[in-house]
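Keeping their order, the protein sequence lines are chains X and W. For the first sequence, numbering that gives the first Met the number 0 assigns the number 0 to the initial residue and increments by one for each residue that follows. For the second sequence, numbering that gives the first Met the number 0 assigns the number 0 to the initial residue and increments by one for each residue that follows.
These are computed hints drawn from the structure, not numbers from a lab. There are no misleading hints in this set.
Listed next, with one range per pair, are the computed distances between beta-carbon atoms:
hint : chain 1 : residue 1 : chain 2 : residue 2 : range
1    : W       : Gly-40    : X       : Leu-306   : 49 to 59 angstroms
2    : X       : Ser-271   : W       : Tyr-232   : 51 to 61 angstroms
3    : X       : Ala-208   : W       : Pro-228   : 27 to 37 angstroms
4    : W       : Phe-48    : X       : Gln-328   : 52 to 62 angstroms
5    : X       : Leu-306   : W       : Lys-37    : 54 to 64 angstroms
6    : X       : Glu-174   : W       : Gly-43    : 55 to 65 angstroms
This one's a predicted model, so the numbers in the text were calculated from it and none came from an experiment. Ideal placement from N, C-alpha and C gives every residue a C-beta, glycine not left out.
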Amino acid sequence: MGEITLTKIKKSFGAVDVLKDIDLEIKDGEFIVFVGPSGCGKSTLLRTIAGLEKVSSGEIEIDGKRVNEVSAADRGLAMVFQSYALYPHMSVRQNLAFGLENSNMPKTEVAERILEAARMLEIEPYLERRPGQLSGGQRQRVAIGRAIVRRPTAFLLDEPLSNLDAELRVSTRAELAALHGRLGSTMIYVTHDQVEAMTLAHRIVVMRAGKIEQVGTPLDLYNTPANRFVAGFIGAPHMNFLAGEVTELQNGAATLATSGGHRLLVPFSGHSLSVGDKLTIGIRPQHITLANDPGSLKVKVRLVEALGSETVIHADLNGEKLLAVVPGQKLISPGDEAHFSVAGAPLHLFDRNGLRVKGC
Amino acid sequence: MTAPTPSPTLTERLGSLLMAPVHLLMRAIDIPLRAVQKAAGIGGMATVFLAPNMLIFGIFVLLPLVINFVYSMTGGTAFFLTERQFVGADQYARLFQCANYLDPMSCQEDAFWTAVGNTFWFVVLQVSLMILTALITALILNRDLAARSFWRAVFFFPVLLSPVVVGLIWKWILQRQGLLNFGLYQFGVEPYTWLTDRNWTFVATIGVSLWAHMGFYALILLAGLQAIPKDLYEAAEMDGTKPARVFWRITLPLLMPNLLVVVVLALIRAVQIFDEVYVLTGGGPGTSTLYLTQYIYETGFASALRNPGLAAAASILMGLVLVVLTLIQLGIGQRGEKKGKR
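Chain W on its own, in the form it takes in the complex:
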């Protein structure tokens, strides 16, 4: 005797109701897909399924890249490519035209080299500080803190803010009549013009970008720390390993894959720094916080004598730097993987 089929429950009925349009859709695309498969063959189906994505990638990434390269070979102030004249590598030559290569001020495009110099120091300082603070934050958040989830959220929240909002918040804090001066005034300290002092604005751009992005990197490192088995630490404890040695010999080597990801992401993002700085200082005072992306933007779009060709050339050079950085990361990553397998 077979058991009677139980009548469907409410959840099951709801489920089949919700799935009905899906089934209908599947049936609708079944026929054309079969036809495509007949034409493309089983092996060609991978290409068919990848095609929409490749198309989007082509239109929004690859094509602009090519167009940008073409722009970098043209001159004039006109925007439309058809109205621009071909000048070959002139724009690149202009960027590299200097009387003395050790003195950026002697270059024809001195603003470009100032921006390169500023960006270089910004990247070196910001990335080192970023790695250090993110690592320390992750190590602290990985401990058995009271209200650990709260602290994790506190450090992550700035990541959710739009860069413009970040820039505005810190402008309110740092401007002459801002929160910082108000606070200092309560302790009898005279107000200071933080955003017009060349040195302080540079420090401020580093500090603000640290504040805005550190949570993201700390989160990646925290995930890496949590993936290290607790047993290893207990084994080290049984062996009487001192905390510093545990960090250098166990934690750091096992965190290396995550650390590498963080270094590369932080490097790339630091080279691209723009929005929050643009809102906070506008590149000033003078050119003290003029970074490469802002130079490209202003040269191409915002200045009175706009020069899209020159901006395109500068952006291609910046792209090359990013490609080199990424290749270095891939190389290190692969070497690390091979080492792990050996």
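Chain X with its partners taken away, still in its complex shape:
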């Protein structure tokens, strides 16, 4: 079992509130990712679950039991640190055994567990080496191995891939996903990399300034971001935002005027809009096409990044920046004028407070 429930978690360091009213239910076996910009409190939240930080108020329950006062060691969780935190003077085997020896486990069982984890992670040949003699990727596996041998109810991973190079990060990411499939344990993973979050998570928790902005599956967050922050944070490159105003509402559609005078038609079935409302219009760069149809946006091209399979166009629309990612290779260069079409593109509307407009 590995159900974790957080209720009204608050954490302050002096006068600074780092976590504000966090409510979250993590199901058994779930792979959940905390994502957010630096300083949003995601690591602190992980550390409070681990028991390395005490909460200022609120309840932490693991499998239905309140664990606020339970020490880190007795919560049955294992943590993988960003720096790996391997003991540099011990061999890999000693590193893996260290935690098990604390509980006076019989030596044969310690050896068995180490062997099992080492085989699973393919670190058997390095068991007698010291961390200093291993590559970053190997060290990372040892750090995960140290968590695995303890057979915890849940794994807590604090940015475990951030010290690896780009290529290794991609392959280790896939291995982590496979490992989760094999172990079936609850995993809580902290990252600031939204690609990691999208590829690994069952559910993503997007955090900002100590608060949860949205919890949902990766595609939920991508398709229906709850607010402008989530919309901008999830998806690469980031979503484009244009200032707009409602000019007409009829026949299940809203007509919006951009600051440059362009008109955009958005399907709308709710009652929360009225003519004259000022809005922010969100358009994902991938949803823009190059076409000169009525209603397309006339832009000036500033920069073209030809990636081969796709072309990233940085453009300027009456002083507002607009980014388009179009498939294939385009004959277009900086200084050119182009037409960005958003016909049929899902447009996201956010009100003055940055919240998603219901019904669009």
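With chain X's structure known, arrange chain W on it following the hints.
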């Protein structure tokens, strides 16, 4: 169109003004240095740059060492080497001339062997206590104490004092009409003559030298403790490691390089102990706190029948002990490094 060059700010002007003499100097030495390089070649320039330092080292370290060795082979009371007669290894033989090697009092130079014995026990006790107290102090100062900087300063301040000042301060405290007896008297304890009791003076020299130097070693150990990543302790906490095991299995092994440095420095300095003890007890009462350096000083310079040759021989022997101690440290250090790489 190029942007107009911005006029220099006040700081920039001040900077170039200050740098002007430096530039001038660089230009002045440029020409002779080029000439030297032409003569010595690129490879020889390292030697050229090292030469001033080597010269100072030669004059103030190497040469005295050699002269001292020559002195140890001469006899008589004269100071000038030219007026002294060559006696070969006589001085060394004199130091080692004993009727019974198990009884220092049977040796011709019984004071030398008393000093060696005193120094040996002083080093053993002082260094062990030094390591222990410095380690405990560093461990405490590494915690989240209130006013941590204040406490760090408190323990470090004695290091800044001149040894003579240290000796005088403690003399004022320990003498018959001193601060300690005054304090004890308030609690009804009779004054005691701490500095004339053989056992207490020995304890006092150890205590005073601990007080004077402990801050320095604690600082080295504190730096080592702070270099141990906090993550390791958190990982140990997650694993449910008991505090004693954390200390023995994590803190101590990772502190070992610093601890080694401290052991060697403390050993060398303990063998050389002189100034504060000389001021505090003068080696007495009797010869109870006569240590090796004081014996050498008094034999060579201060006694009525001064014998610079004998003092030089004793100092060479003491130097040999220090060389052995340093070599042991280097050996252990290198073994530790190899172990770390393996």
